[in-house]
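S.K.: Chains as they are written, first to last, in my numbering: chain A, 1 to 285; chain B, 1 to 232.
Just so you know, the hints here were simulated from the structure itself, not pulled from any lab data. All values reported here derive from a predicted model rather than from experimental measurement. Any given hint could turn out to be false.
Okay, derived cross-link-like pairs now, PhoX-like style, lysine-lysine, Cα gap no bigger than 25 Å in a straight line [as the list claims (entries may be wrong)]: (1) A:Lys-266 x B:Lys-198; (2) B:Lys-182 x A:Lys-31; (3) A:Lys-192 x B:Lys-198; (4) B:Lys-182 x A:Lys-244; (5) A:Lys-150 x B:Lys-59.
Quick look at which bits of chain A chain B covers, simulated, 3 or more residues with Cβ under 8 Å [what the hints assert, rightly or not]: (6) 30-43; (7) 76-84; (8) 215-221; (9) 260-272.
We treat Cβ as the ideally placed atom computed from N, Cα and C, and that holds for glycine.
Residue-level listing of the chains:
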Amino acid sequence: MKTTRYLIAAAALLCALATGAAAAGPEAQQKNIILATTTSTQDSGLLDALLPVFEKQSGYFVKTIAVGSGQAIAMGAKGEADVLLVHSPADEKKFIDEGNGGRRLLIMHNDFIIVGPATDPAGIKAAKSAPEAFKKIAGKKALFLSRGDKSGTHSKEKKIWETAAIDPENQPWYQQTGLGMGQTLSVAAEKKGYTLADRGTYLSLKKNLGLDVLCQGDKSLLNIYHVIEVSPQKWPKVNAAGAKAFTDFMVSASTQKLIGAFGVEKFGAALFTPDAGKSVESLGK
Amino acid sequence: MDLILEGLWQAIVLLCTLDPETWRITLLSLQVSGAATLVSLFIGMSAGICLALADFRGKNLVVSIINTGMGLPPVVVGLFVTIFLWRNGPLGFLGMLYTPGAIILAQAVIATPIVAGITVAAIQNLPRNLRLQILALGATRFQMVLLLIREARLPLLAAVMAGFGGVISEVGASIMVGGNIKGYTRVLTTATVMETSKGNFDIAIALGIILLILTFAVNYILTHIQQHDRPR
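Assemble the whole structure, with the sequences as input and the hints as a guide.
M.R.: Laid out in structure tokens, this is it:
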């Protein structure tokens, strides 16, 4: 009967572990905030720098769900998140117009860049704007990797194609990964293709990539982040007080200072420019 | 090659320096998947035994469904559990989404058909006369079930290993229903995915190695129990 005794011991151990799991973690429902955000804020490490400060100040526990901006906005539109931190202005406006949101405040920006192999087969280095660079890529039928996941980056990319008056869908040189920014960059590096990336993710991955920044600085490449409160009128279960506390925290002077300093130590340059209180039109001037 | 060595080195460093974050992630993986396996054992074994002993029309259909369930894709389970647990979903009042409890639930759904399927096979594989003999010796039905479990313990332990192995290595459901929240629902597999997308391949490899060591340790213990008193 030795086995039985072992089995009882194993079961007891599992039970102990299970109760441990159930007891772990913060309690109290209304003390939780669900923050739906883009992968770039998590992957760049910005949230790891900001959230502990917020949690300590406010006593809220932030459940960060890092997905593409498209999915984050969709979560907000279903009332499944309390507050959003996203970078897809066109989709955000639609979200607000549909009455899903409360306050929508400008937080920060950085920029998108077009990266590709150092050899630059399509010669986009000579391009003066992003749409022109895309035209060159299409003209040379050089491989372009798209996120294809309705993320903020993907929606920006589609807009640039639109401005360039090119429909890349179903072209053999245009491939959609359906993956996050980091993985899409890796695919572009492996296949020696071009892609559009946010500077933060590119900088944090640069060491393993072997991709160069080939086009940057165009005003159409601005990458603008807003924080949006999800409407408690439309979704009564939303933690409105928590969302307000988080929004106030993000635009506060001390947080803005933290954002401005983030990345200086690790990358030698700030990854984001804090913008609270400014107007979108004034950016990039 | 350098990257793999670097990853190995990272794993050793993370383990030996008792990095608190890594330990927390590892412990949570063990707790969550252990609890899920336990739940699936209760449900899966009860269902499997009932099914193996019962005779009814359509039994083949039910067993086929369970056997199909053994290959349930974790992301599909994750998707359905998420939809059910949404605030405004049918089980939203539980407030369970993005908690360790939600991961346990999803993993239990994944592991239960595995345990049930192997249990059915294990019990049905016992000689049919054994049941008659046990009952003829005056055992109650409950006693008979206990004896059958005892007789089928080797394949049943295999069911435990398959169930546990299935859920601890699973990432699709955990990331959807748990959300990979730092210090709360981040487990080894979801942390590996995140570190990969962050480009920290050495840490990702290290986490993968820790997961392998953990799974090996658990399976070693279970195998030890299993082989200890196999019929010689």
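S.K.: Against this structure, judge whether each hint is valid.
M.R.: Do the hints match the structure? See the list:
Among the hinted pairs, Lys-266 of chain A with Lys-198 of chain B is consistent with the structure: their alpha-carbon atoms are about 14 Å apart, no more than 25 Å. The suggested pairing of Lys-182 of chain B with Lys-31 of chain A holds, with an alpha-carbon distance near 16 Å, which does not exceed 25 Å. Taking the CA atoms of Lys-192 of chain A and Lys-198 of chain B, the gap is near 20 Å; set against the 25 Å cutoff, the hint holds. With a C-alpha separation of about 22 Å, the suggested pairing of Lys-182 of chain B with Lys-244 of chain A holds against the 25 Å cut-off.
Only pairs whose Cα atoms come within 25 Å are accepted, and Lys-150 of chain A paired with Lys-59 of chain B is rejected, the gap being roughly 45 Å. Coverage of the segment 30-43 of chain A by chain B holds. Counting CB-CB distances below 8 Å, 4 residues qualify, and the rule asks for three or more. Residues of the segment 76-84 of chain A lying with their CB closer than 8 Å to a CB of chain B number 3, which satisfies the three-residue condition for coverage. Judged by the Cβ-Cβ criterion of 8 Å, the segment 215-221 of chain A is not covered by chain B as claimed, because only 0 of its residues qualify and three are needed.
With 0 residues bearing a CB less than 8 Å from a CB of chain B, the segment 260-272 of chain A misses the requirement of three and the coverage assertion fails.
The structure does not agree with the numbered hints 5, 8 and 9 stated previously, though it agrees with the rest.
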